[in-house]
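2 protein chains.
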Amino acid sequence: MAEEKKLPSRSEDFSEWYNQLVLRAELADYAPVRGCMIVRPYGWALWENITQALDGRFKATGHVNAAFPLLIPRSFIDKEKSHVAGFSPELAVVTHGGGEELEEPLVIRPTSETIIGHAYARWIQSYRDLPLLINQWNSVVRWELRTKLFLRTLEFYWQEGHTAHATAEEAEAETRQMLDIYADFAVRDAAIPVIPGRKSAAERFAGADQTYSIEAMMGDGKALQAGTSHNLGQNFAQAFDIRYLDRDGALQHCWTTSWGLSTRFVGAIIMVHGDDQGLILPPRLAPFQAVIVPIFRNDAEKTSVRDAARKLLAELSDAAIRVKLDEREGVSPGFKFNDWEMRGVPLRLELGPRDVAQGNVVLARRDKPGKEGKSIVARQAVAASVIEWLKEIQQALFDRALAFRKSRTVDAATYGEFKDAVAWGFAFSWWCGRSECEEKIKEETMATMRCIPLEQPGGTGKCVYCGAPASEKGIFGRAY
Amino acid sequence: MAEEKKLPSRSEDFSEWYNQLVLRAELADYAPVRGCMIVRPYGWALWENITQALDGRFKATGHVNAAFPLLIPRSFIDKEKSHVAGFSPELAVVTHGGGEELEEPLVIRPTSETIIGHAYARWIQSYRDLPLLINQWNSVVRWELRTKLFLRTLEFYWQEGHTAHATAEEAEAETRQMLDIYADFAVRDAAIPVIPGRKSAAERFAGADQTYSIEAMMGDGKALQAGTSHNLGQNFAQAFDIRYLDRDGALQHCWTTSWGLSTRFVGAIIMVHGDDQGLILPPRLAPFQAVIVPIFRNDAEKTSVRDAARKLLAELSDAAIRVKLDEREGVSPGFKFNDWEMRGVPLRLELGPRDVAQGNVVLARRDKPGKEGKSIVARQAVAASVIEWLKEIQQALFDRALAFRKSRTVDAATYGEFKDAVAWGFAFSWWCGRSECEEKIKEETMATMRCIPLEQPGGTGKCVYCGAPASEKGIFGRAY
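Protein chains in written order, with this note's numbering: chain A, 1 to 480; chain B, 1 to 480.
Treat the hints as calculated values from the structure; they're not laboratory data.
Values in this document were obtained by computation on a predicted structure and should not be read as measured data.
One should not assume that every hint holds.
Pairs of lysine-lysine, DSS-like flavour, derived with a Cα cap of 25 angstroms [unchecked claim]:
1) A:K311 to B:K419
2) A:K324 to B:K391
3) A:K59 to B:K374
4) B:K419 to B:K406
5) B:K371 to B:K222
6) A:K391 to A:K406
7) A:K419 to A:K462
8) B:K442 to B:K419
9) A:K371 to A:K324
10) B:K368 to B:K6
11) B:K59 to B:K81
12) A:K59 to B:K324
Whenever a hint applies, use it, and build me the whole structure from the sequences.
Okay, structure coming up:
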C-alpha cells in the first residue's frame, strides 16, 4: 500500500525518485541476496503484458519457444574467445551438487549462446533444417557489482532468441527484423520513442559481428539501451561446429543471430513516463487500464454507489478493458486517488452518489493533472469514452516523450556544443569511426556512443572530436 | 524429423518406448549436463498450453503471479527443520560469484517456501493484507540421481503457488481448492482420470502438515503423482516469522499453503494416452489439433491440391482450430502420416486431387487406427466436423484411460490379492494408518500408499497388512 508521504521530485533527485517509486508502486522489492530483486505481482503483471506483446510478434514471424537448461558446463563458455572474455568476470559458479563436489564446475547461464550452439550442432544436418528460429523466456544471472532494481540486477528476466541460417544475408535480415520488432513494440505498445541503430565495435556483444540496439532517452536526459539484436556471423557456428549440408551436398557453417529484451525495459517505462506523483503506464501495457473509486459518506450512499460501481465494472470488463474496482475499506477516496496515481493507472473513474443520481461518471486522466484532465461523462457513454481516452493517453504519452527527447537532442558540430549537449541529453554528431575518439569522448564527458542510427542525414562531415572526415553520425549520451 | 523405424512396443519395453518416443516426437532432448533436459519447441508448445489452462484457473480464483529469485541463502533452508532434512541432500550450491568465493554459499531454489516466507514476513502486517495469493512459473533444481526426461530431471519447470491466510480453516480450504483445480485440469484438459486424495505422513512434503495429491495410472499400470497441494500449517510462518495483527490488535502467526504442478505432467500425458505408434495428445492441449497432408503425384496436381489445402488451412484457423499444413518437400505423404502419428496430432486431414475434384476431405483420427477412424467429409462441412471430432476424441481418450484404470484396480481385501493387484495396477485397500504397515508393504511389494482418496466407501474394515481395524481405504501402487 502506498504511503501518504510524497516521492522526492524528479528534478531534486531522479535516482532516489526512481528507487522509491519502484518500491512504493509495489513493482519490485529487494531480495535477501545482494543485487537480486523480487518482482512483485503488480510489476510482474506489467512484465506479462510486455511478454505477450512481444511473443505474439515473435510467433507471427515464424519463431517458436523452447527451454534450454539453466546450468552450463564451465568449459562451454571458453569455446568462443570474445564470449569468454566478456562473460567470465560475471559468472555464478555451481561447484557442489547433491552434497558432493562436481568434477566440472557449472555456471548459471549469463546468456545461452553456448548451450544452444551445442544443441543446434546436433539438430541441424541439412539446409532443410534451416532457418531454425527459437526463442526462450527465462532468467539469467550476471554478477553485477552496482545494481539497481530492474535496470541492473544479478538475476534478470528476459527473452533470448537464437536463430541459425544458411547464409550471411539471411542472418543479417533476421537481426534487422528483430530490431524492427523491438522498435515497433517500444513505440506502439510502450509509447517510447526509440532510436534503432548499430553499435560501435567497443559496445558490441561479446562474440557478435554486429550489434544493433534501440536506444531511448529517460526523463533525466540519460540514455537506456532497451533491446539488442546481434548478428553473430559464423563465430558461434565455428566454436560449436554448427554445420549443414547445402543443396550441392557441401558442408557449410551456419550463420547465427541472437536478440534479447529484458525486465530492464520496465525501468525504461518508469523513467520515460513517470512524474513527481509516481508511475504513468501506457494503456496498452498497464495491468489495470482504469480504476473505479467509489465515493460515499454513509451506508445508504455506500449501497447505491457500490451497486452502480459493480455494474460499471462488469460493463467495462465486457468491453475488454482491464479495469479494477477499489473496494478497500478503511481508507479514504483521497488515499485511493494517490495510491493509483503512484501505480500509474492511466484512467480513474470516480463514482459518487450525485454521479449515480445524475447518471454520470467522472473520468480523470493520470497524464494530465488537475481540472484539465477531468471530464464528466454520461453513464451510457462510459465504455466508449474510456476506450477513446485510453487511445488518446497512449498517443499523448508518446508525443510527450518524443517532444522531450527532441528538446534535449542537439546536432552538435563542435566539441563545445557536444559537451553541453551530453550534460543534459543526446548529441547527434559526426564521428570518424575510430575507437580512439570514442574512448577519449567517454573519458572526458562520460558519454558513450549509444548507436549509429539507421536513419542518417546522408553526406559527410567532420568528426566532432578529431575533425577527421566522417561519413556517419552517432547518438552520444550518458547511459544507464 | 521422426525416423521411419518403429518404436519398441509398450508391452515389450515400456521404459524404452517412453524414452524413444520423447526423443523422436521431438518433445525433449538430453542436455550436456547430466540429468538436465532441453524442452524442444514441440514439447514447450504443449507445456505452454498446460500453463495457460492452469493460469486461467489460478487467476479466476484470485491468484496473481510474481517472480522470486533463483538464488537463496543457504541458511534459509535450515530454518524449517523438516524442510532442511528433506531438501539438503538435493541442493545445487553456488560458492563463487564474479570471480570470488562467496561469504555465504547460495543454493539454487529447490522450491521457494523459504525465500517467499522471508518476503511475506515483511509484506504482511495486518489482517487487511490477507489472504495473500501468489503463484510463480519458473524452474527449480533438485540434484536427483536417477533421472528420466520429464519425469525426474535435475532442473524442471513448474508453477509454485504460495499463499498466506488468517486462519487454519482458510488455509485448508485453499489447499483443497487448488487440489480441485488440478483435478479439474487433469480431467477436462488432459483427459486424464485422477484420484484426488491425502498423502500419508511418510509421503508428505518436507514441512507440511498435510499433503494432498492427484494420482494417475500410467499405461503400464504404475502410478504417477501428477500435482500436489500442501497445507503448511504454521510451520513456515513460525520459521520465518510471518505474522499479522488481527481485528482485535493481537499479533498472530499466519497459516500458509503451497501447491505445484510440473513438466512431470507431460510425462503423464505421454504414458496415459500414447500407443505403439507414438504420442496421442488430448485435443484441448495439443499444439496442433489437426494437420493437413496434401497428396499429389505431379506438378499439375500439386498446384490444385496446394491451393485447396491453403484455403482449408485459412478456414480452419479462422474457426480457432490449431492447425498445421505440412508442405514439406522431399518426403512422402506416408512419411508425413507416420511423423504426425508419432507426434500425436489428434486429427489428420488428407487432401488429394480426387478429394479436391469431388469436394471432399478425408479425416483420420489418431486414437482409432485403420478404417475405423477414417471418414470422408464434405468440404463445406469440414470445420464443423473437425470441431465435433476433436470433442469426441477428447472424451474418448478420457473414457479409455478411465476404463483402463478401472480394469487394473482391485478392491484387494487380502494381502495375497493385494500383491497380485500392485504387480500390474492399483490396490484399493483398508489401511490401519500405521507407518509400520506402509513401510512393510513397500519393502515386500515395492508399492507405496499413493493417497487416501477423498472419496471413501464409508464404514470400516481390516488393514490389508496387519488386520487391525481400519477406517480408511488407500490407493496403493508402484510409482514413478
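Hints, verified against the model:
1. A:K311 to B:K419: Not satisfied, since the Cα-Cα distance of roughly 61 angstroms exceeds 25 angstroms.
2. A:K324 to B:K391: Status violated; Cα separation ~35 angstroms.
3. A:K59 to B:K374: It is violated: about 32 angstroms lies between the C-alpha atoms, which goes past 25 angstroms.
4. B:K419 to B:K406: holds (17 angstroms)
5. B:K371 to B:K222: Distance of about 32 angstroms is beyond 25 angstroms: violated.
6. A:K391 to A:K406: Holds, at about 23 angstroms.
7. A:K419 to A:K462: Status holds; Cα separation ~16 angstroms.
8. B:K442 to B:K419: holds (11 angstroms)
9. A:K371 to A:K324: The hint holds at about 23 angstroms.
10. B:K368 to B:K6: Satisfied, since the Cα-Cα distance of roughly 18 angstroms is no more than 25 angstroms.
11. B:K59 to B:K81: Roughly 32 angstroms between the alpha carbons, so the hint for K59 (chain B) and K81 (chain B) is violated.
12. A:K59 to B:K324: Cα-Cα ~14 angstroms, so holds.
Going down the numbered hints, you'll see the structure goes against 1, 2, 3, 5 and 11, while the others check out.
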